[in-house]
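Participant: Below are the chains, spelled out letter by letter.
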Amino acid sequence: MQTMLPRFFHFQNVYKYYGPAYALRDINLAIAENVTTAVVGPSGSGKSTLLQLSNGLERPNAGRIFVFGQEMDYARLPALRRQIGYAVQGTGLFPHFTVQQNITLLAVLEKWEKRRIRARAEELMNLVSLPLEFSRRYPHELSGGQQQRVGLCRAMMLNPALFLLDEPFGALDPITRHEIHDEFLRLQKSEPRTILLVTHDLKEALKLAQHPVILNRGQIEQSGPCEDVIRHPANDFVASFLKTQLEA
Amino acid sequence: MIALTFFHCFRRLRVMRSLFVLFAACTMSCETRSTVIVGAKHFNEGYILSEIMAQLLEDRGVTVERKFGLGGTKICYDALAAGAIDVYPEYSGTIAQAILKLDHPVGFVELQEIVARDGKLELLDSFGFNNTYALALSRVAAGRLALKTLSDLARVPNLRLGLSYEFLNREDGWPGLAKTYNFTAQPVGLEHGLAYQAIQENKIDVTDVYSTDGDIKKYDLLVLEDDRQYFPTYLAAPLVRAALDSRVKKILGKLTGQLTETEMQSLNAEVVVSKRSFAEVAHEFLLAEGLIENRGSARRDSRWTLLFARTATHLKLTLIALLAAMLIAIPLGVLVYRLRGMARPIIYLAGLLQTIPSIALLAFMLPFFGIGATPAIVALFLYALLPILRNTAAALFSVDPLLKKVSVGMGLTPWQRLRHIEMPLAAPTILAGIKTAAVINIGTATLAAFIGAGGLGEPIVTGLALNDTRLILEGAIPAALLAILVEFLFEMLEKIMIPKHLLQKAAE
Numbered sequence: 107m108q109t110m111l112p113r114f115f116h117f118q119n120v121y122k123y124y125g126p127a128y129a130l131r132d133i134n135l136a137i138a139e140n141v142t143t144a145v146v147g148p149s150g151s152g153k154s155t156l157l158q159l160s161n162g163l164e165r166p167n168a169g170r171i172f173v174f175g176q177e178m179d180y181a182r183l184p185a186l187r188r189q190i191g192y193a194v195q196g197t198g199l200f201p202h203f204t205v206q207q208n209i210t211l212l213a214v215l216e217k218w219e220k221r222r223i224r225a226r227a228e229e230l231m232n233l234v235s236l237p238l239e240f241s242r243r244y245p246h247e248l249s250g251g252q253q254q255r256v257g258l259c260r261a262m263m264l265n266p267a268l269f270l271l272d273e274p275f276g277a278l279d280p281i282t283r284h285e286i287h288d289e290f291l292r293l294q295k296s297e298p299r300t301i302l303l304v305t306h307d308l309k310e311a312l313k314l315a316q317h318p319v320i321l322n323r324g325q326i327e328q329s330g331p332c333e334d335v336i337r338h339p340a341n342d343f344v345a346s347f348l349k350t351q352l353e354a
Numbered sequence: 027m028i029a030l031t032f033f034h035c036f037r038r039l040r041v042m043r044s045l046f047v048l049f050a051a052c053t054m055s056c057e058t059r060s061t062v063i064v065g066a067k068h069f070n071e072g073y074i075l076s077e078i079m080a081q082l083l084e085d086r087g088v089t090v091e092r093k094f095g096l097g098g099t100k101i102c103y104d105a106l107a108a109g110a111i112d113v114y115p116e117y118s119g120t121i122a123q124a125i126l127k128l129d130h131p132v133g134f135v136e137l138q139e140i141v142a143r144d145g146k147l148e149l150l151d152s153f154g155f156n157n158t159y160a161l162a163l164s165r166v167a168a169g170r171l172a173l174k175t176l177s178d179l180a181r182v183p184n185l186r187l188g189l190s191y192e193f194l195n196r197e198d199g200w201p202g203l204a205k206t207y208n209f210t211a212q213p214v215g216l217e218h219g220l221a222y223q224a225i226q227e228n229k230i231d232v233t234d235v236y237s238t239d240g241d242i243k244k245y246d247l248l249v250l251e252d253d254r255q256y257f258p259t260y261l262a263a264p265l266v267r268a269a270l271d272s273r274v275k276k277i278l279g280k281l282t283g284q285l286t287e288t289e290m291q292s293l294n295a296e297v298v299v300s301k302r303s304f305a306e307v308a309h310e311f312l313l314a315e316g317l318i319e320n321r322g323s324a325r326r327d328s329r330w331t332l333l334f335a336r337t338a339t340h341l342k343l344t345l346i347a348l349l350a351a352m353l354i355a356i357p358l359g360v361l362v363y364r365l366r367g368m369a370r371p372i373i374y375l376a377g378l379l380q381t382i383p384s385i386a387l388l389a390f391m392l393p394f395f396g397i398g399a400t401p402a403i404v405a406l407f408l409y410a411l412l413p414i415l416r417n418t419a420a421a422l423f424s425v426d427p428l429l430k431k432v433s434v435g436m437g438l439t440p441w442q443r444l445r446h447i448e449m450p451l452a453a454p455t456i457l458a459g460i461k462t463a464a465v466i467n468i469g470t471a472t473l474a475a476f477i478g479a480g481g482l483g484e485p486i487v488t489g490l491a492l493n494d495t496r497l498i499l500e501g502a503i504p505a506a507l508l509a510i511l512v513e514f515l516f517e518m519l520e521k522i523m524i525p526k527h528l529l530q531k532a533a534e
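Chains as they are written, first to last, in my numbering: chain A, 107 to 354; chain B, 27 to 534.
Accuracy of the hints is not assured; some may be wrong.
Below, a list of computed lysine-lysine pairs in the DSS-like style, where the Cα atoms sit at most 27 Å apart [said to hold, decoys possible]: (1) B:Lys-146 with B:Lys-100; (2) A:Lys-217 with B:Lys-275; (3) B:Lys-229 with B:Lys-244; (4) B:Lys-342 with B:Lys-461; (5) A:Lys-349 with A:Lys-309; (6) B:Lys-301 with A:Lys-217.
Calculated directly from the structure, the hints in this document are not laboratory data.
My request is simple: use the sequences and hints to build the entire structure.
Facilitator: Right, dumping it as C-alpha cells:
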C-alpha cells in the first residue's frame with residue numbers, strides 16, 4: 107500500500123456503503139489548495155456522498171479523511187464545519203431571516219463585534235454585486251440568482267479556507283447561471299480559494315474547475331487537469347460521458 | 027429577531043413558574059388555618075343549608091370560607107376526608123348507602139356512632155327534616171292516569187322516566203327501586219336542574235325529586251307515595267371533621283331540629299321560585315328563628331364586581347394551567363423530536379389524558395389535591411398538554427429537511443439549530459397549538475366550579491342547580507366572549523411575533 111503524507115485535504119482508501127450497496131469504493135483523492143476541484147458524474151455515482159463525507163455529514167465505513175492536514179475529528183464537527191464554507195442547491199436560505207441575518211448568522215454566533223459584522227457583510231455583498239438595500243429583505247423577495255449570491259455570501263462570511271459547493275447552480279435558469287459562473291470565476295481570480303464543487307454538468311465542471319474528478323458507480327474513473335481529461339479519456343466510460351455531455 | 031422574542035417569552039415563564047410553586051405551597055398549608063371552610067353540594071338545598079351554617083358561624087365571630095357548588099356526594103365527602111373543607115350538610119341515607127355502603131338500614135344515632143368510629147369525621151344532630159328521594163309527575167298527568175303511589179306507576183307502561191345521574195346510579199336509587207316495584211321502563215339520565223323544565227315541556231313524564239324541593243309546588247307536581255317504604259330516611263345534618271374546634275360544633279348544634287320538611291320546602295321555593303339569593307333567604311330564616319340578631323342586611327356584591335372577580339379567577343386558572351402546560355409540553359415536544367422512538371408512546375399518553383371526561387378527571391384529582399383551584403389547574407394543565415405537545419413535535423418534524431441539512435453543514439451546534447432555526451420555523455404551528463389549548467381551557471374551566479375552584483363556571487353550576495337560565499347565561503356569555511377575546515389576542519401575537527410570509531406558509 108502506498109503511503110501518503112497528510113496533505114491539506116485528502117481522502118485515503120475511503121469506503122462508504124448503505125447496507126449492501128456501495129456508494130463509494132476505495133477513494134483516494136488529494137484536493138489541491140487554492141484551485142477548484144469539480145466532482146462530476148451521473149446521478150447515483152456517489153458524488154454527493156463524497157461531498158458529505160468532507161464535512162462529516164456522513165461518516166466513512168473504512169478509510170481516512172484529512173481536512174486542513176488533520177484527520178477528521180468527529181467529536182468537534184461544528185467547530186470544523188465553521189472553517190468550511192457550505193452552499194447547496196436551492197440555496198437553503200432560512201426563510202425567517204432577512205438577507206442580512208442569513209449572511210451574518212455564523213459571525214453572530216461567533217460573537218463578532220457588531221461593526222465588524224456589518225463591514226464584512228457589506229464587503230461580501232459588494233463582492234457578489236448585491237445591492238445593499240437588499241439587506242432587510244426576506245429571501246422570498248429575491249430572484250433565484252440573487253438568492254444564490256446571498257447563499258455564497260453566507261458561505262464566505264467567516265472567510266473559510268475551504269468551500270464545499272453541492273450543485274449550487276443547479277436550480278438556476280441558463281442566463282442567470284451563466285452570470286453567476288462569470289462572477290464565480292472573477293472571485294476565484296481575484297482571491298483564489300480551495301473549492302470542492304459537486305455537479306452533474308460536465309460543461310460546468312470544465313468551465314469552473316482546474317481539476318475535474320470523474321466519478322462513476324462509487325469509483326474515480328479519471329482525475330486530472332481539464333486538458334488531460336478532454337484529450338485523453340482514461341477509459342470507455344469517460345469517453346462516452348464526454349461525448350454525451352459535451353454534445354448535449 | 028423572532029428567536030429573541032420567543033425566548034423573551036420563555037424568560038417571563040420563569041416568573042410564572044415561581045408563582046405556581048408559591049401557589050401550590052399555599053394550598054398545602056391548609057392544615058394550620060383558623061378559618062372554617064363550609065362546603066356545599068351543587069343543588070339549592072345544599073347552598074341554603076351551608077349558607078345558614080356559614081352566616082350563623084359568622085354571627086358568632088368565626089371566619090368562614092365558602093366552597094359552594096361542589097359536584098356531588100363523592101367530591102364533598104372526599105374533600106371533607108382530605109381536610110379541604112370542614113363541614114357540609116349531608117343526609118343520613120346518603121351516608122349509610124352511598125358513602126359507608128352499609129347493607130342494612132340503621133337508625134340516626136347508630137349512624138352517628140359508625141361515622142365517629144375511626145375518629146376522623148363526626149355527624150352532628152339533624153336539622154330536623156327528612157329529604158327523601160321520591161318520584162313525581164305533573165298533577166294533570168297523575169289525575170288522568172289515576173296515579174297515587176309508586177305501585178300505581180309500575181303498572182303504567184311506556185312512561186318516559188328522566189332521572190338524575192346520581193339517582194340513576196346509586197344503590198339506594200333507581201336499581202333498588204326498579205327491583206322493589208318491578209319497573210320495566212328504561213329511564214334516561216339528565217341533569218337534575220333540567221328535569222322540571224323537561225316535564226313542563228312534555229319531554230319526560232316522571233323524574234326523581236327530593237321531598238323538600240321548592241320546585242314541586244312551582245311546577246305543580248304530584249309526589250307519588252312510596253307505598254312499599256323503599257326509600258330510606260334522609261335526615262339532613264352537618265357532617266364535620268372530628269378535629270373541628272368544639273366551639274364551632276357547639277354553634278352548629280344550635281341548628282338542631284330547627285327545620286321541618288314544609289319549612290325547608292318554602293325556603294327552597296324562596297330561592298327557586300322567587301329567585302331570591304341564598305344569602306338573603308338564609309339570613310331571614312336565621313332572624314326569624316332568633317338565631318342571629320339583625321346587623322343590617324346580608325352583604326351583596328354588585329353584579330359587575332362579581333363578574334369581574336369571576337373572570338379574574340377564570341383567567342387565573344386558565345393562564346397558570348396554560349403556562350405550566352407550555353413549560354412541560356414544548357420541551358417534551360422537542361424531546362419527542364430528538365428521540366424519535368419516544369414519539370408514539372408520549373403522544374398516545376397525552377392523547378389518552380384528553381379522552382378522560384372533565385368531571386371524572388376533576389373527581390380523580392380530589393384525593394391528591396383536595397378541592398379548589400389546585401386540582402382544577404392540574405386538570406386543565408393535563409388537557410392543555412396534548413395540543414401543545416402534538417403541534418410542537420409535528421412542527422419540528424416538518425421543518426424543511428434541506429434547511430436542517432444546511433444548518434448542520436454550516437457548523438451550528440444542536441442547541442443553536444434548535445434555537446435559531448428549528449424553533450423559529452416551528453413557532454407558527456406551536457403558537458396555534460397554544461391557542462387551541464387556551465380556548466379548550468377557557469371552556470373546560472367552567473366545570474372547575476364543581477370542585478369549588480370558582481370562576482365563570484360558578485353561576486353556571488348554580489344556575490343548573492336552580493334551573494335559572496339567566497344565571498347560566500351570566501357565566502356562559504362571559505366565558506364565550508373570553509374565548510373569542512383569547513383567540514383574537516393570539517392572532518395579534520402571531521402578527522407581532524411571526525413574519526407574514528411564514529404565516530401564509532403555515533396556513534397552506
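Participant: Checked against the structure, which of the hints given earlier come out wrong?
Facilitator: Per hint list: 2, 6 violated.
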